[in-house]
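Please take these sequences and the hints and turn them into a complete structure.
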Amino acid sequence: MTLWLKVRRAWICIITVLVTVLLIDLSKHLYLAIPNLLGGDMLKMPMPLILGIAICIVLGWGLGSGNPPLEAVASRPTQLLDTTYTLAITLLSLILCIILHSISKADVILAAGRNVLGYAGIMLLGRSFLGSNAATVLPTGFAIIVAMLGQDQYGRIYDWAWPLAGSEYKLSWVLAAILLIVGITCYLGRMTILNNSAWGNEN
Amino acid sequence: MPFRTILRISPAVWLFPALVVISIAISNTIITPPEPYSPALTGAGEFAIVLVAPICAAIAAWEGGRLRRARWWRLPHVRSLAYIALSALVAPICVGWITIVISTAFRLLNGEILLPDLRILSVAFVVILAQAVLGFTIGIWLPTVVAAPLTLIALFLWMTLPPGLNTFWVRHLTGDFSGCCSLNTDIAPSAIAGSILLALSFLVASLILLTQRIGLIRISASLLIAIAGFTLGASLVRGLGPEPLVPRNPKLLVCSNQWPKVCVWPEHKSRLNEVSEIARRAATAWKSTGINVPNTFSEYSSLQRNENSFGFSILANRVIITNSMAYSMLPPTPNCPEDKPWLGGENQEYLNAWLDEVAGLTPNQISSVFSPDVLQTVARVRHMSISEQRAWYERNFRMA
Numbered sequence: 011m012t013l014w015l016k017v018r019r020a021w022i023c024i025i026t027v028l029v030t031v032l033l034i035d036l037s038k039h040l041y042l043a044i045p046n047l048l049g050g051d052m053l054k055m056p057m058p059l060i061l062g063i064a065i066c067i068v069l070g071w072g073l074g075s076g077n078p079p080l081e082a083v084a085s086r087p088t089q090l091l092d093t094t095y096t097l098a099i100t101l102l103s104l105i106l107c108i109i110l111h112s113i114s115k116a117d118v119i120l121a122a123g124r125n126v127l128g129y130a131g132i133m134l135l136g137r138s139f140l141g142s143n144a145a146t147v148l149p150t151g152f153a154i155i156v157a158m159l160g161q162d163q164y165g166r167i168y169d170w171a172w173p174l175a176g177s178e179y180k181l182s183w184v185l186a187a188i189l190l191i192v193g194i195t196c197y198l199g200r201m202t203i204l205n206n207s208a209w210g211n212e213n
Numbered sequence: 103m104p105f106r107t108i109l110r111i112s113p114a115v116w117l118f119p120a121l122v123v124i125s126i127a128i129s130n131t132i133i134t135p136p137e138p139y140s141p142a143l144t145g146a147g148e149f150a151i152v153l154v155a156p157i158c159a160a161i162a163a164w165e166g167g168r169l170r171r172a173r174w175w176r177l178p179h180v181r182s183l184a185y186i187a188l189s190a191l192v193a194p195i196c197v198g199w200i201t202i203v204i205s206t207a208f209r210l211l212n213g214e215i216l217l218p219d220l221r222i223l224s225v226a227f228v229v230i231l232a233q234a235v236l237g238f239t240i241g242i243w244l245p246t247v248v249a250a251p252l253t254l255i256a257l258f259l260w261m262t263l264p265p266g267l268n269t270f271w272v273r274h275l276t277g278d279f280s281g282c283c284s285l286n287t288d289i290a291p292s293a294i295a296g297s298i299l300l301a302l303s304f305l306v307a308s309l310i311l312l313t314q315r316i317g318l319i320r321i322s323a324s325l326l327i328a329i330a331g332f333t334l335g336a337s338l339v340r341g342l343g344p345e346p347l348v349p350r351n352p353k354l355l356v357c358s359n360q361w362p363k364v365c366v367w368p369e370h371k372s373r374l375n376e377v378s379e380i381a382r383r384a385a386t387a388w389k390s391t392g393i394n395v396p397n398t399f400s401e402y403s404s405l406q407r408n409e410n411s412f413g414f415s416i417l418a419n420r421v422i423i424t425n426s427m428a429y430s431m432l433p434p435t436p437n438c439p440e441d442k443p444w445l446g447g448e449n450q451e452y453l454n455a456w457l458d459e460v461a462g463l464t465p466n467q468i469s470s471v472f473s474p475d476v477l478q479t480v481a482r483v484r485h486m487s488i489s490e491q492r493a494w495y496e497r498n499f500r501m502a
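First to last, the protein sequences are chains A and B.
Its first residue numbered 11, the first sequence is counted upward by one per residue in our numbering.
Its first residue numbered 103, the second sequence is counted upward by one per residue in our numbering.
A hint or two may mislead.
[Claimed, not checked] Pulled a few chain A residues facing chain B out of the computed Cβ check, cut under 8 Å:
1) L40
2) L42
3) I60
4) I67
5) G74
6) T150
[As the list claims (entries may be wrong)] Coverage of chain B stretches by chain A, computed from C-beta distances (three or more under 8 Å per stretch; other residues unrestricted):
7) 123-130
8) 142-153
9) 240-251
10) 255-269
FYI, nobody ran anything at the bench for these hints, they're computed from the structure.
Where a beta carbon is used, it is the ideal one built from N, C-alpha and C, also for glycine.
Next up, the structure:
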């Protein structure tokens, strides 16, 4: 278990979560000036909405650090542990954001916490379909595309651009949660396929 | 590495078409003056750098990661490190440069000119080069899964955060000159120098770390150079306002020969005779009422006596040009503190409308510029004798 935590870089990930949440709070009044590809003025995107990517990067790094063929035949339920670990890290980020939100009353902190859930889901989807190395590029690219295409020329946010929505929009929470669930399902499915192929090779 | 192999394996090459389309779309978000003014159009075309440079850097980080994963970098090799690095970097750098050239050419051709502003373009080239080398270095020393997204997001934040800050000078170091330029301004040389200096310092700092082994001395030297570059760059741009602009060189003005002398920027040369005639009619009419008329109307904002500054767009009609000249006859707007309103502002409206009507514009022609109250008052003044009108003008001029 200790070795698994070490390989998954659990401590680095926890430190990253703490630092990122702190940065989210410190940058709650900062905005990125993003060109709006759909016309209109420059978009102002709150900086905390994009910072959650950092947590996904370190999480993806940890999940990709193991030895899949070896873990596939391990006696411990590694895939279950990985799922629990991913959920624990994303929920820790969300809980810390909720605590900071209750102190500072800044809506954007809560939205940033929600974004970590969705970004983690996209990262897991990336791991399943693009492989370990490209997994973390997917949520990063998604965040940038959403920033540039997620609002119309009048500044109205599209439903699909959930990372830009305020925390009061329930649909954005639903979409972020769906992404996380789909991401975990795909990750577990891929690990099962790997396990079967590993056993198949053995036999 | 053979050229065909570079074309086959580099993500930069696959992403090139998409990058070009996005760059053109980004550069089209910037509104430029309708005149074919090279710095403005180049600045708009080069705006794509806010995304192109971070993407090229992320691709370079990916390429660095390939060498790291294959352990090519650390193991003994026949070819030099510079050759290996260049083989990996040539695609992202060239794709970045070509993309910026295409998006700039697109804006220039839309503006019907061919020559870009080479100063702005050279900054874009240096920034892309520096960010790509920085990305490659990060890719060599960090795992790809971290390096590529970290480079992309960090550099994207660096390019897009400064314009949102209230501290103006930071935004002039990124190499984004989309705020350049109106016709009577030019890009500030200090902004060009500051951006290049910072980019070069990051380039050198990255190159120092591009060895097979890095120790504390190399890391310290690299950090020191990056900090020195940032400090020097900041000291160069510290005095600039929200946009990196300076007044344009007045030697470029093209002037008429008749009274009053009219000086316009070269982009307005085609309309000089027409504007000169408008100025002659207006100045003669104003002079006939006994008010002081300057000898020169210039598009350059001069503080000289007897020289008024006005401005117009290449698309402006006679009404707009006359109104601009009339506005130049008014006292300059004072620099009021926020808590003390400028009381003379209202008087200026009446004076401007009166000057317009004296210059030959009808109330109908200026009804979209001034409120009905202003036009009614001016209509009453216009029914007075010439000496009474002059007295009214001078009284309001003193109050404005």
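Outcome of the hint check:
no. : hint    : verdict
1   : L40     : holds, 7 Å
2   : L42     : holds, 4 Å
3   : I60     : holds, 7 Å
4   : I67     : holds, 5 Å
5   : G74     : holds, 5 Å
6   : T150    : holds, 4 Å
7   : 123-130 : holds (count 3)
8   : 142-153 : holds (count 3)
9   : 240-251 : holds (count 6)
10  : 255-269 : holds (count 8)
Hint compliance for this structure: every hint is met.
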